[in-house]
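Novice: First to last, the sequence lines map onto chains S and C. Its first residue numbered 1, the first sequence is counted upward by one per residue in the numbering used here. Its first residue numbered 1001, the second sequence is counted upward by one per residue in the numbering used here.
In case anyone wonders, no lab produced these hints; they're calculated from the structure. There's no promise every hint is true.
Stretch by stretch, here's where chain S covers chain C in the computed footprint (C-beta under 8 angstroms, at least three residues) [as the list claims (entries may be wrong)]: (1) 1027 to 1035; (2) 1053 to 1067.
Facing chain C, according to a computed beta carbon distance under 8 angstroms, are these residues of chain S, among others [what the hints assert, rightly or not]: (3) A2; (4) A6; (5) W18; (6) V33; (7) N35; (8) W54; (9) I61; (10) F70; (11) G98; (12) L101.
Output of the computed footprint for chain C on chain S, the stretches with three or more beta carbons under 8 angstroms from beta carbons of chain C [as the list claims (entries may be wrong)]: (13) 37 to 50; (14) 85 to 94.
As the structure is a computational prediction, the values presented were derived from the model and not from experiment. All residues carry an ideal CB built from backbone N, CA and C; glycine is no exception.
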Amino acid sequence: MAAGAAVGAPLRFLVDRWARARYDAGSIIGTLVVNVVGSFVLGIAAGWSSAPSWVLPLAGIGFCGALTTFSTLAFETWVFLERREWRPFAANLALSLGLGLPAVWLGWALGTAL
Amino acid sequence: MTRGLVGVVAAGGVLGSLGRYAVGLALPHASGQWPWGTFLVNVTGSLAMGLLMAWVLTRIDPHPWLRPFLGVGVLGGWTTFSSFALDVHALSGSGRSGLALGYMLASFVVGLVAVAIGLALGQRAFGDRPRPAL
C-alpha cells in the first residue's frame, strides 16, 4: 500500500506541473486528469476478482488513492464559487463527475473481464 | 531540486495514505452502506486544505517544498477521488441509487463547506490572505 502511494503521489505532482506549464487552467486540468485516470485504474483493480491479493492494496488503495485527490478538487471548486465564476464552477464539477464516474465503471467492466 | 521535491511529495503521500488506510480499517462499510471512511477522509482533508491554503498564502516566503509536501503529498494521499467514484459505482450497482446520489451530493456540499470553514479559520489565525491563486 505504502509502495503504491510512494509512486502515485509524485506522479500526480508531475502531472500537475505538466498541466500547469501547458494550459492556462492547468491546475484544474491536472486534477481532472489524475482523478479520471485513477478512477479507471481503481475500477480495474476492484473489478478484477481473481487478482492476486496484493493488487488492490498496491494499485488500488495505495497508487490510485495517492494519485487522485478530493481535497484539491474541493479547494479549486470552492475558489470558483467564492469568485462567483459559475461557468468554470459548473464545468469543473460536471467534468469531474461526468468523466470520473464513467471511468470507474469502464475500469470495473474491464476488470471483471480479466 | 526536482528529485528531492519528488521524494518529499512521495513521503507525504505515503504518510497521508497510511492514515487513510487506517481510517478505512477502523470504519469498514458493508456493500450498500454509506461509505463513512472515504467520506470522513475527504471532508477532513478538505477542511485541512482550506487551513493549509490560508496559511501558505499568507507566508511571505514559504519553503518551496512546503505546499507540495502537505498539499499534494499528505492531503492528496489522505483524500481520494477514485474511492469516492468507486463507492458511487458500488452503491448504484447494488440498487441503492438514491444513496449513491445522496453520497455524491453530500461529499461535494460538505467538502466545499469544509474548505470554506478551513479558509475562514485560517484567516482568523493567520490574517487576511490575498486572492487565492489556484
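Novice: Against this structure, judge whether each hint is valid.
Specialist: Here's how the hints hold up against the structure:
1. Three residues within the 8 angstroms Cβ limit are the bar, and the stretch 1027 to 1035 of chain C against chain S gives 0, so the coverage statement is violated.
2. By the rule of at least three residues with a Cβ nearer than 8 angstroms to a Cβ of chain S, the coverage given for the stretch 1053 to 1067 of chain C is violated, with 1 such residues.
3. Because the closest C-beta pair between S:A2 and chain C is about 5 angstroms apart, less than 8 angstroms, the hint holds.
4. For S:A6, the shortest C-beta to C-beta distance to chain C is roughly 4 angstroms, which falls under 8 angstroms, so the interface hint holds.
5. Contact between S:W18 and chain C, as hinted, is not supported at the beta carbon level, the nearest pair being about 12 angstroms apart and thus beyond 8 angstroms.
6. Hint status for S:V33 relative to chain C: violated, with the closest Cβ pair at about 11 angstroms, above 8 angstroms.
7. Because the smallest distance between the Cβ of S:N35 and any Cβ of chain C comes to about 4 angstroms, under 8 angstroms, the interface hint for this residue holds.
8. With its C-beta approaching chain C no nearer than about 14 angstroms, S:W54 sits outside the 8 angstroms limit, and its interface hint is violated.
9. Because the smallest distance between the Cβ of S:I61 and any Cβ of chain C comes to about 6 angstroms, under 8 angstroms, the interface hint for this residue holds.
10. A distance limit of 8 angstroms between C-beta atoms decides the matter here; for S:F70 the minimum to chain C is near 4 angstroms, and the interface restraint holds.
11. Here the hint on S:G98 is broken, as its CB sits about 11 angstroms from the closest CB of chain C, past 8 angstroms.
12. Using the Cβ-Cβ criterion of 8 angstroms, the hint placing S:L101 at the interface with chain C is satisfied: the shortest such distance is roughly 6 angstroms.
13. Evaluation of the coverage hint for the stretch 37 to 50 of chain S: fulfilled, as 6 residues show C-beta separations to chain C shorter than 8 angstroms, against a requirement of three.
14. Residues of the stretch 85 to 94 of chain S lying with their CB closer than 8 angstroms to a CB of chain C number 1, which falls below the three-residue condition for coverage.
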